[in-house]
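Undergrad: Next come the chains, spelled out residue by residue.
Number of protein chains: 2
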Amino acid sequence: MSELRKDPIIGRWVIIAKERKSRPADFTTPVEIAKKSFCPFCPGNEDKTPAEIFAIRPDLSSPNTKGWAVRVVPNKFPALRIEGELNKKGIGMYDMMNGVGAHEVIIETPEHYTNTGELIDIKDYTPLKMNQILETYQTRYADLKKDQRFRYILIFKNSGKEAGSSLAHPHSQLVATPVVPKRVKEELIGAKWYYEYKERCVWCDIISQEIDSNKRIVAQNESFLALAPFASLFPYEISILPIRHSSDFEEITLKERELLAELMLEVFKKIAKGLNSPPYNYMLHTAPCRYHRPGFWQTIEKDYHWHIEIMPRLIKQGGFEWGTGFYINPTPPEEAAEFLKSLSV
Amino acid sequence: MSELRKDPIIGRWVIIAKERKSRPADFTTPVEIAKKSFCPFCPGNEDKTPAEIFAIRPDLSSPNTKGWAVRVVPNKFPALRIEGELNKKGIGMYDMMNGVGAHEVIIETPEHYTNTGELIDIKDYTPLKMNQILETYQTRYADLKKDQRFRYILIFKNSGKEAGSSLAHPHSQLVATPVVPKRVKEELIGAKWYYEYKERCVWCDIISQEIDSNKRIVAQNESFLALAPFASLFPYEISILPIRHSSDFEEITLKERELLAELMLEVFKKIAKGLNSPPYNYMLHTAPCRYHRPGFWQTIEKDYHWHIEIMPRLIKQGGFEWGTGFYINPTPPEEAAEFLKSLSV
Numbered sequence: 001m002s003e004l005r006k007d008p009i010i011g012r013w014v015i016i017a018k019e020r021k022s023r024p025a026d027f028t029t030p031v032e033i034a035k036k037s038f039c040p041f042c043p044g045n046e047d048k049t050p051a052e053i054f055a056i057r058p059d060l061s062s063p064n065t066k067g068w069a070v071r072v073v074p075n076k077f078p079a080l081r082i083e084g085e086l087n088k089k090g091i092g093m094y095d096m097m098n099g100v101g102a103h104e105v106i107i108e109t110p111e112h113y114t115n116t117g118e119l120i121d122i123k124d125y126t127p128l129k130m131n132q133i134l135e136t137y138q139t140r141y142a143d144l145k146k147d148q149r150f151r152y153i154l155i156f157k158n159s160g161k162e163a164g165s166s167l168a169h170p171h172s173q174l175v176a177t178p179v180v181p182k183r184v185k186e187e188l189i190g191a192k193w194y195y196e197y198k199e200r201c202v203w204c205d206i207i208s209q210e211i212d213s214n215k216r217i218v219a220q221n222e223s224f225l226a227l228a229p230f231a232s233l234f235p236y237e238i239s240i241l242p243i244r245h246s247s248d249f250e251e252i253t254l255k256e257r258e259l260l261a262e263l264m265l266e267v268f269k270k271i272a273k274g275l276n277s278p279p280y281n282y283m284l285h286t287a288p289c290r291y292h293r294p295g296f297w298q299t300i301e302k303d304y305h306w307h308i309e310i311m312p313r314l315i316k317q318g319g320f321e322w323g324t325g326f327y328i329n330p331t332p333p334e335e336a337a338e339f340l341k342s343l344s345v
Numbered sequence: 001m002s003e004l005r006k007d008p009i010i011g012r013w014v015i016i017a018k019e020r021k022s023r024p025a026d027f028t029t030p031v032e033i034a035k036k037s038f039c040p041f042c043p044g045n046e047d048k049t050p051a052e053i054f055a056i057r058p059d060l061s062s063p064n065t066k067g068w069a070v071r072v073v074p075n076k077f078p079a080l081r082i083e084g085e086l087n088k089k090g091i092g093m094y095d096m097m098n099g100v101g102a103h104e105v106i107i108e109t110p111e112h113y114t115n116t117g118e119l120i121d122i123k124d125y126t127p128l129k130m131n132q133i134l135e136t137y138q139t140r141y142a143d144l145k146k147d148q149r150f151r152y153i154l155i156f157k158n159s160g161k162e163a164g165s166s167l168a169h170p171h172s173q174l175v176a177t178p179v180v181p182k183r184v185k186e187e188l189i190g191a192k193w194y195y196e197y198k199e200r201c202v203w204c205d206i207i208s209q210e211i212d213s214n215k216r217i218v219a220q221n222e223s224f225l226a227l228a229p230f231a232s233l234f235p236y237e238i239s240i241l242p243i244r245h246s247s248d249f250e251e252i253t254l255k256e257r258e259l260l261a262e263l264m265l266e267v268f269k270k271i272a273k274g275l276n277s278p279p280y281n282y283m284l285h286t287a288p289c290r291y292h293r294p295g296f297w298q299t300i301e302k303d304y305h306w307h308i309e310i311m312p313r314l315i316k317q318g319g320f321e322w323g324t325g326f327y328i329n330p331t332p333p334e335e336a337a338e339f340l341k342s343l344s345v
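Chains as they are written, first to last, in my numbering: chain E, 1 to 345; chain A, 1 to 345.
Source of the hints: derived by calculation from the structure; they are not laboratory data.
You can trust all of the hints, since none of them are fake.
In silico DSS-like links for lysine-lysine, alpha-carbon gap of 27 Å or less:
1) Lys255(A) x Lys123(A)
2) Lys76(A) x Lys48(A)
3) Lys18(A) x Lys269(E)
4) Lys161(E) x Lys182(E)
5) Lys198(E) x Lys6(A)
6) Lys146(A) x Lys88(A)
7) Lys182(E) x Lys192(A)
8) Lys6(E) x Lys341(A)
9) Lys6(E) x Lys215(A)
Facing chain E, according to a computed beta carbon distance under 7 Å, are these residues of chain A, among others:
10) Ile15
11) Ile16
12) Pro24
13) Gly92
14) Gly164
15) Lys182
16) Arg183
17) Gly190
18) Gln209
19) Phe230
20) Ala231
21) Leu275
22) Lys316
Ideal placement from N, C-alpha and C gives every residue a C-beta, glycine not left out.
Input sequences plus hints: build the corresponding full structure.
TA: So, in structure tokens, the structure goes:
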């Protein structure tokens, strides 16, 4: 079983995933993303994945057969496993616990290629398809938030080998963890401080100032705003924020979900067109599991504001930034926004 | 001029470096590291770099001519510039200041290739060469710490294109900043808390427990310990710690510098042999500039312990980890240490 280990100096938890590749030769012979070989995520190969947890099946077909539009399965090589107890313990000055959690794969579409034979990606999706994916996210959040062992549920997508993906078929991932990830915790704490001082949500203030200045907006509709953040870490980084204050993604309405699907497609079409379909990551930041919100977290519904962060992977300065928290971004977000805004898609 | 901008939620500063590459096409046509083309860092091309700041010249040759063993020049495309005032200001809810600082390149050796025609790297250095590089680091730290505009001085190395390097000739870099980088600040705060509670330095406790358990030690000598950290973020990550408590790298003695040079060579030979000469980053974490240590920082000489972090770049899960602070490491540090320890170099 994997272990969660805590850094004794800065308190950051790390998953030591013993069951994944780990020998030196596994790293020095890189995994290529095969375009034409066998794909376990394609329809007809449902028996090559662990049994499905959830699927959208417009034709009412049976589980683990063809006919699905979106399909969720456990990760075959999970970083965390659903079975077992946490067994928190100390080893001398060090802290650790068992790697209990969930690690799911959201297979976004049965299609692997577009009509022209390219790998399919978000830019090729219909609004209905994008909405089905968001509906799946919402359903999985609502289900897993009931499990009292979990503190946080993170949904993210790695697209392209340079962004950490090892399978070409479009998929996103979900990780439910018994700890709140460090970066999310920093957001929670920062937002709380801001709220205590101003009695306003920091993201609501950002939305208001960004609409006012109109310098960093990439796209918008009546419910969502896509912008290049003022202190962007990466070139062409984009945040998508709901204009209505809400701490929890899963409380999105049907109408809002449609509007989010539309805006996400617009943004990804712009990224694909303007930046030559780069590898990218996106991640959904939402409030931690409700169960764990007594005390410090009691104001979270007021001070936290869910959002999506999109990071095209255009530069490779990772190691230094990883180690120091010190980022150099060569593209002013105003220029990034102006460029992406100007593209018609 | 570059700008420093502060994230309004989590308080992290980012350098928006307007003078570096920034247009979409600059990213989509990647810079290749040319092996055989013109090299501005090779001897004889001293006039192709900005004028040198410092050099070790065993033959007492003149500045900006051949004859140097190590040479320090300003970065030609600096993220931060030495001239000017900080001019801290607010734009609505956002905070920023001018990109004042220093960005230097430490050209480690006049040699570009080994005898067998390979690009030269640390593993090929003599102990004398490594010691000259460390002497240069020490000299530059001592000089720049006098400048009262700087809060932190960071020395690091990116080796290989995947690690963010754009020139093949061996070099490290120095960045002096008007803010303390986030990750370093977290270390300072974590170490302070630990010290207040235990009245012991957290790294001194780590050294003691690691020597005791002997599970994660990669190499050691009478003054330094190289180990795979208990909560390593990356496969085969290594920290080098001075066994004698010291907060400031630049206070290293001549004898210690020799021993550090030897241990660094041993570690990099092991990495090169066992992991097929991977791209890597290393960074030197030392105490912030002395001038800025009243109040909160007054105990820093007792609670901080300088060290070097070495990160071979073997996996590509960057974007997700960047955005969440949530790391999955597939190699238990005990296995990493056992493997590297067993290699004879």
